[in-house]
Amino acid sequence: MDENLNSGSIPYVSEASVSVEIETEDMTLNIGPQHPSTHGVLRLVAKVDGEKISSVEPVLGYMHRGYEKLAEVRTYPQITTLVNRIDWVSGFANEIPFIAATEKLMEIEAPERAKHIRLILTEMARIASHFVFNGAYALEIGALTPIFLAMEDRERILDLIESVTGGRFHPNFNRIGGIKPAAGSGPTTKKNIQDLPAGFYQDTRDAMEKVLEAVERMENLVGGNEVFKIRTKGVGIISKELAEEYGVSGPILRASGVKFDLRSQTDFLPYDKFDYDIPIGENGDCYDRWYVRLMEMKESAKIILQAIDSMPSGPLQTKVPKVIKVPKGQSYVRTENPKGEMGYYVISEGGLGPYRLKVRTPSFSNISILPVLLEGQLLPDLIAIMGSLDFVLGDVDR
Amino acid sequence: MIDGSQVLVTAGIILAFALNGAVIFTILDVKGASWMQRRPGPLHVGLRGFIFPLAEIIKFFQKEDITPTNVDSAVFKWAPAYVLASVFGLFVVVPISPTLVGSDLDLGVFYLLAISSLSTLGVLTAGWSSANKYSLMGGIRAAGQLIAYELPLILAVVGVVIQAETMSLVGIVEKQIEFGLPFVLSGQGLAFLIFMVAATAEMMRVPFDMPIGESELVSGFLTEYSGVRFLIFYIAEYMNMFVLCAVASTLFLGGYHVPLLPTEWVNFYGPVVLLTKTVLLGFILVLVRWSFPRFREDQLQNLAWKVLIPLSLLNILITSIMKVVF
Numbered sequence: 002m003d004e005n006l007n008s009g010s011i012p013y014v015s016e017a018s019v020s021v022e023i024e025t026e027d028m029t030l031n032i033g034p035q036h037p038s039t040h041g042v043l044r045l046v047a048k049v050d051g052e053k054i055s056s057v058e059p060v061l062g063y064m065h066r067g068y069e070k071l072a073e074v075r076t077y078p079q080i081t082t083l084v085n086r087i088d089w090v091s092g093f094a095n096e097i098p099f100i101a102a103t104e105k106l107m108e109i110e111a112p113e114r115a116k117h118i119r120l121i122l123t124e125m126a127r128i129a130s131h132f133v134f135n136g137a138y139a140l141e142i143g144a145l146t147p148i149f150l151a152m153e154d155r156e157r158i159l160d161l162i163e164s165v166t167g168g169r170f171h172p173n174f175n176r177i178g179g180i181k182p183a184a185g186s187g188p189t190t191k192k193n194i195q196d197l198p199a200g201f202y203q204d205t206r207d208a209m210e211k212v213l214e215a216v217e218r219m220e221n222l223v224g225g226n227e228v229f230k231i232r233t234k235g236v237g238i239i240s241k242e243l244a245e246e247y248g249v250s251g252p253i254l255r256a257s258g259v260k261f262d263l264r265s266q267t268d269f270l271p272y273d274k275f276d277y278d279i280p281i282g283e284n285g286d287c288y289d290r291w292y293v294r295l296m297e298m299k300e301s302a303k304i305i306l307q308a309i310d311s312m313p314s315g316p317l318q319t320k321v322p323k324v325i326k327v328p329k330g331q332s333y334v335r336t337e338n339p340k341g342e343m344g345y346y347v348i349s350e351g352g353l354g355p356y357r358l359k360v361r362t363p364s365f366s367n368i369s370i371l372p373v374l375l376e377g378q379l380l381p382d383l384i385a386i387m388g389s390l391d392f393v394l395g396d397v398d399r
Numbered sequence: 003m004i005d006g007s008q009v010l011v012t013a014g015i016i017l018a019f020a021l022n023g024a025v026i027f028t029i030l031d032v033k034g035a036s037w038m039q040r041r042p043g044p045l046h047v048g049l050r051g052f053i054f055p056l057a058e059i060i061k062f063f064q065k066e067d068i069t070p071t072n073v074d075s076a077v078f079k080w081a082p083a084y085v086l087a088s089v090f091g092l093f094v095v096v097p098i099s100p101t102l103v104g105s106d107l108d109l110g111v112f113y114l115l116a117i118s119s120l121s122t123l124g125v126l127t128a129g130w131s132s133a134n135k136y137s138l139m140g141g142i143r144a145a146g147q148l149i150a151y152e153l154p155l156i157l158a159v160v161g162v163v164i165q166a167e168t169m170s171l172v173g174i175v176e177k178q179i180e181f182g183l184p185f186v187l188s189g190q191g192l193a194f195l196i197f198m199v200a201a202t203a204e205m206m207r208v209p210f211d212m213p214i215g216e217s218e219l220v221s222g223f224l225t226e227y228s229g230v231r232f233l234i235f236y237i238a239e240y241m242n243m244f245v246l247c248a249v250a251s252t253l254f255l256g257g258y259h260v261p262l263l264p265t266e267w268v269n270f271y272g273p274v275v276l277l278t279k280t281v282l283l284g285f286i287l288v289l290v291r292w293s294f295p296r297f298r299e300d301q302l303q304n305l306a307w308k309v310l311i312p313l314s315l316l317n318i319l320i321t322s323i324m325k326v327v328f
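Top line first, the protein sequences correspond to chains A and B. Be aware that the first sequence starts at 2, since it is given in the working numbering, and climbs by one per residue. Be aware that the second sequence starts at 3, since it is given in the working numbering, and climbs by one per residue.
Just so you know, the hints here were simulated from the structure itself, not pulled from any lab data. Incorrect hints may have been included.
[Said to hold, decoys possible] Below, simulated EDC-like cross-link-like pairs (lysine to aspartate or glutamate); rule was C-alpha separation at most 16 angstroms, straight line: (1) B:Lys135 - A:Glu26; (2) A:Lys299 - A:Asp276; (3) B:Lys135 - A:Asp50; (4) A:Lys53 - B:Asp74; (5) A:Lys260 - A:Glu283; (6) A:Lys105 - A:Asp268.
Construct the entire structure; sequences and hints are all you get.
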């Protein structure tokens, strides 16, 4: 402020002044790290003038667990336990790019059946993640009921994931060159390998039907609500250009009208065999981001139904050495995670573990747009916009 | 002539009525929420969980009453009492039956509206004295809300007063009995809707719970409160909900009387009838609370100033014309 006076420029004058020019000082509001709506421990240092935000500075690192560094002292098979804790809402989907990057270095490929099962579980993780978003977003806007319904629906998906992998959140199911034989499927001798639990196909079909029902219910319960519409429509608009400039990805990018989905570009998951739409938004506002995710759940359910119908038979593992040593080299693989583009950059010096592992997480890149987006918004809109970006702090800080 | 013992008895009856109202509405809200959210809700404290508010009260008494270091201690400590007293004051004029009423003031409606706005002062001081930015914003939001919503509330009631030609609440109910139909069905339907919306804002319930706004302001003006003082706010909130529903049923739904019942027995069935109407209105509020998101502060102001106030003025105009014509 002193600087302004010295330089002779006009000091900031509040809009509230009528006839007297009242000089107001912005209040610094610390939102987080302990706050109900920051999805964990994100801290936003906001300068507010009443309810209006003049600037926001996100402060990261409260959730930093050093997974990239930890990976350097782990062997490759041990790292899957770490990486599925990065974005814990969709644990399974995190394992895929790391495993794919390693497989690429080793120049091996998982058998078709393993790929199919990976794909099914990835899509299930996507549905589970979007359920959490749907519930939590309504909660942030102020509706308290949808989260209970969403959690109940998500539980069915988690049950399915558990029946295959043995874990609800952290499956640790991928192996280099394939997948682990399923939990509860009997002794895994060479002759008697059962991969999927009994009744899995039927359970999945039932669950997907429930998902479609839940999507419709959510569309009516939340999207049909006028208050929800006026709170989200036209709020926090990310234009196409802005989205591309800031490198946001996933549903946020698609809500801005960019039809970019890495699923169609992967070769390690057989997405090209299935027929699905990529929902995109028009305005890039909070409502569109919410709606795109809702529609993606529908598409994921469609993919899963097709995948279990066309499940190939065959082994679950390719031949890999007992002690996995990755040849010298580098590889980068990116996939479409529920939250956006997730990439793993693996540098191998030829040892048991990677020399360096760099994780490109979607949430970290997505929240980089927050300061631009929040400038000049109102405090309730801050919550609405922040919620619509659907980040997980573990994914931001690693 | 009012002597001391009569005042005590009246106060005791009102206290019992008010506290029971708060307990009933707590049960209604919590059980209603669990019903809407497909979960069992409280189950373990007696009678399938239906007496859990008692356990809750005991729990709050056991908790430490924390006064943070930097708060304005005296104001901080007295704010809950202020809110409770102003809510409690509303019960004085609500007639449970023609004779069972704390005090049948001639200016009952006026008193009611004056007292109902006082609780916001308690909320504002609570927010201000807490020395917490979230509390402060909550308090200021509550004040803004008061200014926006007191007006439609008053204007909606003015229609009723014009039609009933009296400000006494007993008089208004008697007028409805005389007329044969409650006011909501005989000309004041719009006023009833405006009243309920404004009353919801007054109670600071969803979709108008910005002063508390859990996902935005942590807990708004309640953030720094704990233990007994939080309990007092909590009880005052449900008492306020109860009494405003009771007032709405008195003003618009015929109060303690329903058509076809003999008026000479009104002292017997009056309390039951009023309670039933109040609980039904409360149930609507519960449905609204658990299905609506929250408005934004400026959207609330828009709704109040651009929709509700013009509509209530229109209602007054129509009521006056009808009064003159018929």
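To see whether the hints hold, each was checked on the structure:
no.: 1; hint: B:Lys135 - A:Glu26; in the structure: 14 angstroms, holds
no.: 2; hint: A:Lys299 - A:Asp276; in the structure: 13 angstroms, holds
no.: 3; hint: B:Lys135 - A:Asp50; in the structure: 12 angstroms, holds
no.: 4; hint: A:Lys53 - B:Asp74; in the structure: 27 angstroms, violated
no.: 5; hint: A:Lys260 - A:Glu283; in the structure: 11 angstroms, holds
no.: 6; hint: A:Lys105 - A:Asp268; in the structure: 11 angstroms, holds
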